[in-house]
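Q: If you want the building blocks of each chain, they are given just below.
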Amino acid sequence: MSLNNNILIKLNNAGYRHKNKWLVRDVSLIIEKGKIVTLIGPNGSGKSTIAKIALGIHKKIDGEVEKYTDKIGYVPQKISIDWTLPLRVHDFMLLTENIEDEAVNEALSSTGVINLKDKNLGNLSGGEFQRVLLARAISKKPELLVLDEPVQGVDFTGEIALYELIKKISDELNCGILLVSHDLHTVMSATDHVVCLNGHVCCSGSPIDVAKNNEYKALFGEKAAQILTRYEHNHDHVHTIDGDIKKN
Amino acid sequence: MLDDFFIRALVAGIGIAFVAGPLGCFVVWRRLSYFGDTLAHSALLGVTIAYSLEFNIAVSIFLISSVIALILIQLQKKTNLPSDALLGLLAHSSLAVGLVVIGFLTFIRFDIMGLLFGDILAVSKKDLVTIWVGGSLILLVLRLIWRPLFASTVNYELAEAEGLKPDRAKAVFTILLAAIIAISIKLVGVLLITGMLIIPTAMARNLSDNPQKMVFFSIIGGLLSVVIGLFSSLEFNTPSGPSIITAALALFIISLLKIKQTIKLKN
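Protein sequence lines, in the order shown, are assigned to chains A and B. Counting from 0, one number per residue, gives the positions in the first sequence under numbering that gives the first Met the number 0. Counting from 0, one number per residue, gives the positions in the second sequence under numbering that gives the first Met the number 0.
For the record, the hints were derived by calculation from the structure and aren't laboratory data. Watch out, some of these pointers could steer you wrong.
Which chain A residues face chain B? A few, computed with CB under 8 angstroms, are given here [unchecked claim]:
| no. | residue |
| --- | --- |
| 1 | 80 |
| 2 | 82 |
| 3 | 85 |
| 4 | 99 |
| 5 | 151 |
Quick list of the computed label-pair ranges, beta carbon to beta carbon [what the hints assert, rightly or not]:
| no. | chain 1 | residue 1 | chain 2 | residue 2 | range |
| --- | --- | --- | --- | --- | --- |
| 6 | A | 79 | B | 92 | 28 to 34 angstroms |
| 7 | B | 257 | A | 154 | 35 to 41 angstroms |
| 8 | A | 77 | B | 66 | 34 to 40 angstroms |
| 9 | A | 102 | B | 208 | 38 to 44 angstroms |
| 10 | B | 88 | A | 27 | 55 to 61 angstroms |
Computed footprint of chain B on chain A, listed as stretches where at least three residues anywhere in the stretch have a Cβ under 8 angstroms from a Cβ of chain B [to be verified]:
| no. | stretch |
| --- | --- |
| 11 | 7-16 |
| 12 | 66-73 |
Here a beta-carbon is modelled for each residue, glycine too, at the ideal position from N, C-alpha and C.
Whole structure, please, built from the sequences with the hints as guidance.
A: Set out below in structure tokens:
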């Protein structure tokens, strides 16, 4: 096997069983520096489970995980924090590592929540909290980012901006990103590699390959396939609110 | 100076307050107050074993509490009973077994009230060494595991994912809890140690908006409780443990008044 030193993490036929039921099995994937790998699939298809296997949160797994980095930033899908613990955004930013104030400010600014730095974490809205979670993960300047539904609850314009930010981070820090999403629209434009899951790998490849795949169509329907392929052409017009079409 | 029993009790109490503050915060944050209670109840068994085998009391309590903690973890894995039922089972059965064993040891005179509620007269110079050396060690170890323990208290999966080894920190913390019970039993007593851990911390929660502040205020609260409690214990001839806890309760109530004021101000 040739040793590619761009590889950050490699899953070999990884699977996880809970109470004798397979949540996900036989997943192999590679995340390299500067590349974005996106996991898509319906609810319960094992997307988050794969993220947790890669991170080492699930330990009793089938197959194996080869990890070549320990600088990892994680945005979990759901996070329950016990509010008996008084915690400001600033304290939360330093949770797993001591980070210089400058880097903290920079990360909070990039996700648009620098004004919340001294606020209590319990008083944030869902979208604000999500932005703080993302800021915390990127402020560590990680080599590997694992983002599990990172923009849930964020407003629509914010969503697009955050996906652009994620793409920018992947370029600037040259870090690998494992992105979990059910939102096909926004994700696809930046993704290098898509893995379509449904308890196992249905299909994988570049976004356009996956979109053409029949298993993918069966899973998500024809409409979804159209969404993906639409990214491959450039619009020469825009739709105005009242239904008119304007040429660019 | 240390020849005076009251000064010894005071020095002991101050030492305990410094350790109880930070540990108490984690007990409250991690919702472990019944767990602490269970460890403390089992301490009585440790005392009886120490007496019957003529063994160091603090070490004996420490070992028994650690064993009880291990048994609890095993029971949680192997039975379908909820944690609170298991905690109750272990707490009361170890207390009962401890008292039964005391009944058999007729050749030794036990001051049962002193064991249950603390005794201001019981603190020896040797105990002071145990409290201050043991207490410093507890704080040192807590300092070392602070980040993983704190991060996993906020969110276990984040801590695990970013490589902080939260399970190890949790195991070490359990040992620290057994250790503080072992060093503070003589002054505070088996039944009230958990109060020493959580009441000043509860007061501190009312005054704090960040974790460092909460640790700081819970130490201050503990120190005040010890000093006020011990002086009133001397004055009114009441057992030391209940006096300290009553003082802590009074401080907690005062801190509630402060909350009311700030709420009014905000409106």
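Q: Which numbered hints are broken by the structure, listed smallest first?
A: When the structure is compared with the hints, numbers 2, 4, 5, 9, 10 and 11 turn out to be violated.
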